[in-house]
Every structure is written in C-alpha cells, then in structure tokens.
Amino acid sequence: MRRLALACLLILPAAPALAAFPCGELWGERNAVYAEAGYCFRTARAIKAFGNANCPYDSIRDVPLSARDRAKVADIVREEQRNACRD
Numbered sequence: 511m512r513r514l515a516l517a518c519l520l521i522l523p524a525a526p527a528l529a530a531f532p533c534g535e536l537w538g539e540r541n542a543v544y545a546e547a548g549y550c551f552r553t554a555r556a557i558k559a560f561g562n563a564n565c566p567y568d569s570i571r572d573v574p575l576s577a578r579d580r581a582k583v584a585d586i587v588r589e590e591q592r593n594a595c596r597d
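Residues in the sequence shown are numbered from 511 upward in steps of one, following my numbering.
None of these hints come from the bench; they were simulated from the model. Since we're looking at a predicted model, the values are computed, not measured. Check before you lean on any hint, since a few could be wrong.
Here are the simulated SDA-like cross-link-like pairs (lysine to any residue), alpha carbons at most 20 Å apart as the crow flies [unchecked claim]:
(1) K558 / E546
(2) K558 / Y544
(3) K558 / A547
(4) K558 / G548
(5) K558 / R592
(6) K558 / W537
(7) K558 / A542
(8) K558 / I570
(9) K558 / R596
(10) K558 / D568
(11) K558 / A545
(12) K558 / C533
(13) K558 / S569
(14) K558 / G534
With the hints as extra help, turn the sequences into a complete structure.
As structure tokens, this is what we get:
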C-alpha cells in the first residue's frame, strides 16, 4: 500500500497538491526521484527505504535529473520547508 501511495505521488505536478502529504511522505517522494536516477544514499533510513544496489552517483550534484525532476524536487523541498520537516 505504501508503494502505491508513493507511486501516486510521482504523478503530482504542483506544490499545492503536495501540501496534503506529511513530512515522511514528502521525504520519500523526494528521495524516490534521486533513487530512480541512481544516487547512492548515505543514511541508514534512506538505504533501508531505497537500497544502494547499482548506484553510480555518490554526490547528489552528479545525479542526472531532467528539468521536470528538478522542478519536482524543488517543489517538494519548498513544501518540506513550509511544513518545517526535518530529515
């Protein structure tokens, strides 16, 4: 069920739609974008949630994201800030 909720989040295009989601789901959605792109996570929480198999990017700056994914991450980060979410 949680995967379904995260999958549904992947299609949300705008920040106002994100306002309905708690910090944990925003964290998951943001990191799902990076996981899909091959980021090697460092925290135990993220490694447990997404794993690190075949991850070629150790630096988040090196992760190749499309303009759409960058905009999505930016929307999520703004919402996390608005909600005072903490990693």
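To see whether the hints hold, each was checked on the structure:
Under the criterion of a C-alpha separation no larger than 20 Å, the hint pairing K558 with E546 is consistent with the structure, at around 15 Å. Restraint check for K558 and Y544: the C-alpha separation of about 14 Å stays at or below 20 Å, so the hint holds. Taking the CA atoms of K558 and A547, the gap is near 17 Å; set against the 20 Å cutoff, the hint holds. Our distance criterion of 20 Å between C-alpha atoms is met by K558 and G548, whose separation comes to about 15 Å.
Distance hint between K558 and R592 is unfulfilled; the C-alpha atoms sit about 26 Å from each other, more than 20 Å. Only pairs whose Cα atoms come within 20 Å are accepted, and K558 paired with W537 is accepted, the gap being roughly 13 Å. The suggested pairing of K558 with A542 holds, with an alpha-carbon distance near 12 Å, which does not exceed 20 Å. A distance of roughly 18 Å separates the Cα atoms of K558 and I570; the hinted pair therefore holds under the 20 Å criterion.
Among the hinted pairs, K558 with R596 is consistent with the structure: their alpha-carbon atoms are about 18 Å apart, no more than 20 Å. About 17 Å separates the Cα atoms of K558 and D568, which keeps this hinted pair within 20 Å; it holds. Distance check on the hinted pair: K558 and A545 sit about 12 Å apart at the alpha-carbon level, within 20 Å; holds. Of the supplied pair hints, the one linking K558 and C533 holds, its CA atoms being roughly 17 Å apart against a limit of 20 Å.
For the hint pairing K558 with S569, the CA-to-CA distance comes to about 19 Å; that is within 20 Å, so the pair holds. Proposed proximity of K558 and G534 is supported: the alpha carbons are some 14 Å apart, at most 20 Å.
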